[in-house]
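Number of protein chains: 2
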Amino acid sequence: MFYSKLYAPTLREAPSDADIISAKLMIRSGMIRKVASGLYEFLPLGLRALRKVENIIRREMNAAGGQEVVLPLIFPKELWIETGRWNVYGKELFRLKDRKDAEFCLAPTAEEGITDLVRKDVKSYKQLPVMFYQFGTKFRDEIRPRFGIMRAREFLMKDAYSFHADDADLEKYYKTMFDAYTNICSRCGFKFRAVEAASGAIGGSFSHEFMVLAEAGEEEIAHCECGYGANTEKAECLEIKYPKETENAAAEVYTPSIGSVEEVSKFLKISAEKFIKTLIYVSDGQPAAVLVRGDFEVNEIKLQSLLGSIELSLADDKTIEEATGAPCGFAGPVNLKKKIKVIADLSVINLQNAVVGANKKDYHLKDVNVNRDFKYDIAADVRKIIKGDACPKCKTGKIDFARGIEIGHCFKLGTKYSKSMNATYLDTNGKENLMVMGCYGIGVTRILAATIEQSHDDNGIIWPDNIAPFEVIIVPVNFADAKTKEATEKIYKELSSKGIDVLIDDRDERAGIKFKDADLIGIPYRITIGEKNLANGNVEFKARKNSKEAVELLKPQEAVNKIISIYKR
Amino acid sequence: MFYSKLYAPTLREAPSDADIISAKLMIRSGMIRKVASGLYEFLPLGLRALRKVENIIRREMNAAGGQEVVLPLIFPKELWIETGRWNVYGKELFRLKDRKDAEFCLAPTAEEGITDLVRKDVKSYKQLPVMFYQFGTKFRDEIRPRFGIMRAREFLMKDAYSFHADDADLEKYYKTMFDAYTNICSRCGFKFRAVEAASGAIGGSFSHEFMVLAEAGEEEIAHCECGYGANTEKAECLEIKYPKETENAAAEVYTPSIGSVEEVSKFLKISAEKFIKTLIYVSDGQPAAVLVRGDFEVNEIKLQSLLGSIELSLADDKTIEEATGAPCGFAGPVNLKKKIKVIADLSVINLQNAVVGANKKDYHLKDVNVNRDFKYDIAADVRKIIKGDACPKCKTGKIDFARGIEIGHCFKLGTKYSKSMNATYLDTNGKENLMVMGCYGIGVTRILAATIEQSHDDNGIIWPDNIAPFEVIIVPVNFADAKTKEATEKIYKELSSKGIDVLIDDRDERAGIKFKDADLIGIPYRITIGEKNLANGNVEFKARKNSKEAVELLKPQEAVNKIISIYKR
Numbered sequence: 151m152f153y154s155k156l157y158a159p160t161l162r163e164a165p166s167d168a169d170i171i172s173a174k175l176m177i178r179s180g181m182i183r184k185v186a187s188g189l190y191e192f193l194p195l196g197l198r199a200l201r202k203v204e205n206i207i208r209r210e211m212n213a214a215g216g217q218e219v220v221l222p223l224i225f226p227k228e229l230w231i232e233t234g235r236w237n238v239y240g241k242e243l244f245r246l247k248d249r250k251d252a253e254f255c256l257a258p259t260a261e262e263g264i265t266d267l268v269r270k271d272v273k274s275y276k277q278l279p280v281m282f283y284q285f286g287t288k289f290r291d292e293i294r295p296r297f298g299i300m301r302a303r304e305f306l307m308k309d310a311y312s313f314h315a316d317d318a319d320l321e322k323y324y325k326t327m328f329d330a331y332t333n334i335c336s337r338c339g340f341k342f343r344a345v346e347a348a349s350g351a352i353g354g355s356f357s358h359e360f361m362v363l364a365e366a367g368e369e370e371i372a373h374c375e376c377g378y379g380a381n382t383e384k385a386e387c388l389e390i391k392y393p394k395e396t397e398n399a400a401a402e403v404y405t406p407s408i409g410s411v412e413e414v415s416k417f418l419k420i421s422a423e424k425f426i427k428t429l430i431y432v433s434d435g436q437p438a439a440v441l442v443r444g445d446f447e448v449n450e451i452k453l454q455s456l457l458g459s460i461e462l463s464l465a466d467d468k469t470i471e472e473a474t475g476a477p478c479g480f481a482g483p484v485n486l487k488k489k490i491k492v493i494a495d496l497s498v499i500n501l502q503n504a505v506v507g508a509n510k511k512d513y514h515l516k517d518v519n520v521n522r523d524f525k526y527d528i529a530a531d532v533r534k535i536i537k538g539d540a541c542p543k544c545k546t547g548k549i550d551f552a553r554g555i556e557i558g559h560c561f562k563l564g565t566k567y568s569k570s571m572n573a574t575y576l577d578t579n580g581k582e583n584l585m586v587m588g589c590y591g592i593g594v595t596r597i598l599a600a601t602i603e604q605s606h607d608d609n610g611i612i613w614p615d616n617i618a619p620f621e622v623i624i625v626p627v628n629f630a631d632a633k634t635k636e637a638t639e640k641i642y643k644e645l646s647s648k649g650i651d652v653l654i655d656d657r658d659e660r661a662g663i664k665f666k667d668a669d670l671i672g673i674p675y676r677i678t679i680g681e682k683n684l685a686n687g688n689v690e691f692k693a694r695k696n697s698k699e700a701v702e703l704l705k706p707q708e709a710v711n712k713i714i715s716i717y718k719r
Numbered sequence: 151m152f153y154s155k156l157y158a159p160t161l162r163e164a165p166s167d168a169d170i171i172s173a174k175l176m177i178r179s180g181m182i183r184k185v186a187s188g189l190y191e192f193l194p195l196g197l198r199a200l201r202k203v204e205n206i207i208r209r210e211m212n213a214a215g216g217q218e219v220v221l222p223l224i225f226p227k228e229l230w231i232e233t234g235r236w237n238v239y240g241k242e243l244f245r246l247k248d249r250k251d252a253e254f255c256l257a258p259t260a261e262e263g264i265t266d267l268v269r270k271d272v273k274s275y276k277q278l279p280v281m282f283y284q285f286g287t288k289f290r291d292e293i294r295p296r297f298g299i300m301r302a303r304e305f306l307m308k309d310a311y312s313f314h315a316d317d318a319d320l321e322k323y324y325k326t327m328f329d330a331y332t333n334i335c336s337r338c339g340f341k342f343r344a345v346e347a348a349s350g351a352i353g354g355s356f357s358h359e360f361m362v363l364a365e366a367g368e369e370e371i372a373h374c375e376c377g378y379g380a381n382t383e384k385a386e387c388l389e390i391k392y393p394k395e396t397e398n399a400a401a402e403v404y405t406p407s408i409g410s411v412e413e414v415s416k417f418l419k420i421s422a423e424k425f426i427k428t429l430i431y432v433s434d435g436q437p438a439a440v441l442v443r444g445d446f447e448v449n450e451i452k453l454q455s456l457l458g459s460i461e462l463s464l465a466d467d468k469t470i471e472e473a474t475g476a477p478c479g480f481a482g483p484v485n486l487k488k489k490i491k492v493i494a495d496l497s498v499i500n501l502q503n504a505v506v507g508a509n510k511k512d513y514h515l516k517d518v519n520v521n522r523d524f525k526y527d528i529a530a531d532v533r534k535i536i537k538g539d540a541c542p543k544c545k546t547g548k549i550d551f552a553r554g555i556e557i558g559h560c561f562k563l564g565t566k567y568s569k570s571m572n573a574t575y576l577d578t579n580g581k582e583n584l585m586v587m588g589c590y591g592i593g594v595t596r597i598l599a600a601t602i603e604q605s606h607d608d609n610g611i612i613w614p615d616n617i618a619p620f621e622v623i624i625v626p627v628n629f630a631d632a633k634t635k636e637a638t639e640k641i642y643k644e645l646s647s648k649g650i651d652v653l654i655d656d657r658d659e660r661a662g663i664k665f666k667d668a669d670l671i672g673i674p675y676r677i678t679i680g681e682k683n684l685a686n687g688n689v690e691f692k693a694r695k696n697s698k699e700a701v702e703l704l705k706p707q708e709a710v711n712k713i714i715s716i717y718k719r
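Order-wise, the sequence lines are chains P and C. The working numbering puts the first residue of the first sequence at 151, with every later residue one more than the last. The working numbering puts the first residue of the second sequence at 151, with every later residue one more than the last.
Looking at chain P on its own, in the form it has when it is part of the complex:
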C-alpha cells in the first residue's frame, strides 16, 4: 500500500489528556482518536494491528475446538434477572429502555447470552463438551476511564465459554485453554506471566490472569524467569532452611524501652534475620500469636485464609498484655501467659539461636530454639513474599517484582450460571445434570495498548513482528527517481507475493520526515532506497528494534530474502 493513500495523520505532540505512553503513541501515530471519555475511534493503522491480534486469537480458539458465534450487544433484562446479575452489577453496567419501556443492558460479558443459547439446543451428553467464542464490543461504564484504550468504556473483547458434562472434563479443557492463552501471549510477542488470581464479580472458584509485564500495569506481581507469576498478595513463600548451628542456652537480655526488631537488632548487634517477630492477632475474637522472621512481614490475606477468619486484626494493647503478660514490643513465643494458638511461619520453624521477646517489659530472650524452648501449633506460609525470595515453582530461581497489565483471564465458572439458568443435559443414564462451565476472556484492544507499553522507545512504537499493521516499510528517498521507483516496486512485489504487508512511503517528503514517521508508527523492518546506494546495487535494511546505527547495506534480493526468512513465508 502507498503511504499517500493511507489515512494516518501523525501528530508531533500527544494531546494533554493522553495519560500513558501507549495512549500518547497511538494518538500521535494516527492509530486512534478520542471521541469522548473512554470512547475511541480506530483509524486504519490501529485497525490493521487489531485485526492481526484478532486473527492470532481466532487461530488459537479454533485450534482449541471453539465455535465462533456473534451474540447481540443489547441483552434483555429478563436474562440478567435469571442469574441475579441485573441487581448485583452496579453502575458499571450500561442500562437502557426501548420504546416500549422494556429494559436492556449493554453486555459487559455474555454469560447469560451464551448460557441461553446453549440451553436452547444442547440437550444431551453427546453434544458436550462445546466451546463458543466471539469477538464482540463490550461496554463498561468505568468510574474513571483512562489510559487510552486500556481502560475504555467501549472495547473489543474475545470472550469464550465452555460447557462440560462434569468437573473433570472442564479441568481437562481448562488446561487446553490455558495453553491457548499462553500461545496467544507468545505469538503477540509478550513478556508475560499467567498468574493465579482470585475471581472478581464474574464468580467462579479458580482462575488465572494473563499479565503482561509493563511499568504501566495496575497490579503488582511476583515472578520468576522460569515462568512463575503470582499476585504479590497470593505468591507462595517456601520453607526456609538454615545451616546447622550449635544450640546455645537461651538467655534473657535487658532491652530497656527497646521494642521494635530494628532497634533491638541494632542494640544487640544481632541481624534481624535471627529474630522471631511475635505478633498477636485477633481472629473472630480469639487471640493468636503469629511468628515471622524479623525481616519479614505477615501477609494477612494468607493468615486470614489459613484461619478461615471472617474478621482479623492486630490485637489491641490490652489483649496483648493479657496474652503475653508484657506490653506491646516484648511478646515472644516462650512462656506465653495465656494458652493461645501459635502459628509459625515457614521462615522461622528452622531458625536456631533466635532472638524473641521475653513476654516481660524491657526484656528479650536470645539463643531461643524452636521445639526446645517453645512449641507452635501450626506451621504455615503466612508471610509476604519479597524480591530475591526463592521461586516456589522452580525452587532455584529468585523472585522479582513487576507491574502487570491484565490482558486475559481464564475462569472455572462451575455451575453458577447453568444452575440459575437451568442449563441441563441428559447423561448416559437419561438423568438430568447441570452443565459445568468455564469462561475465557481477552481484551483485544487492550492487547495493543499493552504491546506498546512493553515495546516502544523515544521515537515511537516498536511493533512485534506478528501484530504490526505493516510488516515492512519501503522508504524510497526520492520516489520520483525512475530507478528508485523500479527498485521499490520490485521489492514490493516480491514481498507482497509472499503475503507480507508492505507500506511504500511514496510521499514527497524529506527522508528525515519519512524515517520519523516510520519510527513513530513502528513498522518492524525498513528498507531505504537511496539513489547513491542503489547505484552501487545496495539498499539499506534496518530493524525498528535496533539502534539507529544498526543499518545494514544489502543487495535488494538479500533484503527481500532476509524478511521472507524472518516471517517464515
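Bear in mind the hints are in silico, worked out from the structure with no lab data behind them. You may find that some hints are simply not true.
Examples of chain C residues toward chain P, derived with CB under 8 Å [unchecked claim]:
1) R183
2) I224
3) L246
4) I460
5) K491
None of the values given here were measured: they were computed from a predicted structure. The beta-carbon is built from N, C-alpha and C at its ideal position, and this holds for glycine as well.
Got chain P; can you put chain C on it based on the hints?
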C-alpha cells in the same frame, strides 16, 4: 472441517414466530437463533456466510480507495445536538445515560461520528477526497421488528462516507461507489436493480437504493431486463406515439348518467385507450385540469412535483362544476367554463379522435383532436407506470413489476453535515470551504436474508457460490469404511489446498439425513462417496441448485477439478 465438530443444530420445524422464509430457513439450518424481539445470535454457519459477504464488500471498498475504520457504537449527545438529529430522530434512536447522567445514543448511522473524525485532522484540499468505511453494529428501535434479521433492532451495517472539495468531485466519486455497489450485488449473486429513490431521514439531494428482487420485499419497483429499476411511484413514463389516423370531425354523443371511462367505453363501444380522462385537481387553492389516457391513472407524486404544490387534492363537486360547467364525470378539455391550467400527460398529447367529457351533463365528445379542438398548457409525465410500459431507459424493453428488498443505499449528502459540524478545508487559495459529503450504506446481515429470499427451494437454502458458509460438502455414506475415509480425506485435502471451504459430514447418520441437512444448510456442491460407487472408481457430484436427479458420476479427480474450475482457484 468435520460436521461432527460444527455447532449447527438443525430443526425440522421453524418456530411459529418466524414470519418469512429466510428467517425460517436460517433458524432451521442453525445459522441464527432469536434472543428477543429483533435481537439475534449468529451461530457458526451463519457467521461464516456473513464473513464472506463482509469480505466481498471490503474488497470493493478498498478498491474504491476506502479507509477502513471502526467508530464507537455509543455516541455522546453533544455531537448529535450539533447536527440537530438528537431532536429530530424519534423513537427509533436508542438513548442511554452514563453514571454521571451524561446522555448518549447507540448509533443508527455514523454521520456525526465520521464528520467529527474528519474535522479533527483534515484541514487541506491536499487531503481530499477521502472515503472512510466501517463494519459496525447498528441499532434501531424498530416499531415492529420482524422478518428475522431483515428488520432487526441490532444489525451489521457497512457504512461509508466520502468527503470532497466540491460537488463535481463528489459526483465523480459517486459513480465509483455506484459501480462498487453494483459489483457487490453481482458478486453476491443477486438479481437486483439500482433504483433512484427519495432520501429518508438521513437527508441529501440524490440517492440510489440497491434493491434485491424478491417476493418478500417491502417496496414495489418497476424494472426492465436492461437493468433499469425505479420505485413504481417515481418510474418515468415515456411519451406515447400512435399510428397516424384521419382526423374526424368532433361530435357530441349522449351518454345519459354514464360518467366513468369504463361505462362510457362500454356504452360507446370505443376502447378506453381512445379516451382522455380529465381530472380536476386543486393545487394550493388553484384548480387545474389533468388529462391522462382513459386506461391510465394520475400519479399524484409526479403531479405535485411538477406543480411544486404544497397541498394537492382532487377537486370537490362544486369546484368541478365551477371549472367545467358540468357535474363530476363529464369534464373535458374542450371549452372549459373557466380558464384553468391544463396539464396533458405524455400519453394523450399524440392521441387522435379521442373521447372526452363534453363539460355538459350526460354528454361526451368523440373524435376530439389535440391542438385542433383544445390546447394544453403543459405536457408532462404525470401518470402511473404500468406493467408492459416501455422502459424509459432502453426504450425497447417492457416494464415489469417486482417486490424489492433494499440492501444498500448511496446518497449524495452535500454539505448538510459539514455545515452543521463545521467540517471545512482550506482550498488552493487558502480559502475556507465546506467539505461536500456522500454516504453509502449496506445492510450486511440483511444481505444474507435477501439472498435466501431469492435463492431457496422446498428443501432449504441454496447459497450462491461466493457467500456459502462452506463451498463443498463431502458426504461419505459410511465414514467408518476405510476406503471411503481415505477417498474423503484425499478430496478434502486437494480442495482445501486450493483455499476451498469444505465440510465433511462424518456423522454416524443415515445418508438420507445427511442429504437433508446438506440441502437445508444449502452448500452449493455435494460430493457423495458411497462404497459401491467407489468400488467402481466413482463418486457422486451434485450442485445444490440442480434438481435431485441431476447427479453426475465422476472420478474423484474429475469432481475435484470441476469444483476448482467453478471457483477459479
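Quick rundown of the hints versus the structure:
1. Nearest Cβ of chain P to the Cβ of R183(C): about 6 Å, under the 8 Å cut. The hint holds.
2. The interface hint given for I224(C) is met, as the beta carbon of that residue sits about 6 Å from the closest beta carbon of chain P, less than 8 Å.
3. Here the hint on L246(C) is kept, as its CB sits about 4 Å from the closest CB of chain P, short of 8 Å.
4. Checking I460(C) against chain P: minimum C-beta separation of about 31 Å lies over 8 Å; hint violated.
5. Given hint, K491(C) at the interface with chain P, is violated; its Cβ is 45 Å from that chain's nearest Cβ, farther than 8 Å.
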